[in-house]
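Participant: Chain by chain, the residues run as shown.
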Amino acid sequence: MKMIKNSFNMSLMSRSSNESFARATVAAFATQLDPTIEEISDIKTAVSEAVTNCIVHAYDNTLGKIYISAEILDNNTIKIKIRDKGKGIENVEKAMEPLFTTVGGERAGLGFAVMMSFMDSVKVRSALGKGTSIIMTKKISRRYSVNG
Amino acid sequence: MSAEINVTGEVVTAYLSGELDHHTAKQMRETIDSAVELNMPSLLVLDFSRVSFMDSSGIGLVMGRYRNLQKTGAALHISGTSPNIYKVMKLAGIERLAKLERGNEND
Ligand SMILES: Nc1ncnc2c1ncn2[C@@H]1O[C@H](COP(=O)(O)OP(=O)(O)OP(=O)(O)O)[C@@H](O)[C@H]1O
Ligand SMILES: [Mg+2]
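Keeping their order, the protein sequence lines are chains L and Z. Residues in the first sequence are numbered from 22 upward in steps of one, following the numbering used here. Residues in the second sequence are numbered from 495 upward in steps of one, following the numbering used here.
Check before you lean on any hint, since a few could be wrong.
If you want the footprint, here are the derived chain L segments under chain Z, 3+ residues with CB under 8 Å [as the list claims (entries may be wrong)]:
#1 48-55
#2 90-97
#3 118-129
#4 133-142
Derived by calculation from the structure, the hints in this document are not laboratory data. Glycine is no exception: its CB is placed at the ideal position from the N, C-alpha and C atoms.
Construct the entire structure; sequences and hints are all you get.
Facilitator: Here's what the structure looks like:
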């Protein structure tokens, strides 16, 4: 059983201007694990993907609420949960395939591929008409400083 | 987020800056597309030196511009990518569509 050392949670409206706010907030929370610039950037990018999906897909650019929470676990791992109460995903396995998109045009269909490549684990739970939740974890490398 | 356009002969260069996500991509796309329509370049350069963040919305932007350029047979170059942006570009296989160059990390 992993112990939770710290946590936060927040909700925000699905406005696209909140995309940068959401990823910056989670990144700021993650700094207590002393991540590298690359690790912080990975977390920011993965959060941006999940939050953008809530705005573009779950709520189809209408207004709804996005719930974000994160936990610091005792093995130097951050666990991030991003949840919406939007339309849900019909076939999660298919949605997670690289280049799969139901929107096309200016969307590449790479959001899930980015999340899976930049985080250690990505779990998706979804119910049609009810919403989707994404749980991602990333273990932050332990760097040794002069102070040990 | 902004896109500054420079036209030299048949080359249109778009200097992108700021954070490139779903929120900012639309405006950048419009600036690039109107410069391409107006100048009909044989080469479009997207310079990422001043882009501090990019997610898959940036990939959508690059792929969309690539598709548009296909109509006239113009080439696409991506330059100035930071390590993080380069990583996202590589994940998407952008080097198969465009010449992909890393930026100077000390810029
Ligand atoms: N929160 C969500 N609610 C409903 N559908 C979703 C959600 N997240 C993803 N999807 C569905 O899964 C598909 C794949 O998502 P993914 O993020 O990989 O690609 P995309 O968003 O279409 O394109 P990109 O992320 O590259 O801009 C989406 O096209 C959409 O149909
Ligand atoms: Mg997406």
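Participant: Against this structure, judge whether each hint is valid.
Facilitator: Outcome of the hint check:
no.	hint	verdict
1	48-55	violated (count 0)
2	90-97	violated (count 0)
3	118-129	holds (count 4)
4	133-142	holds (count 3)
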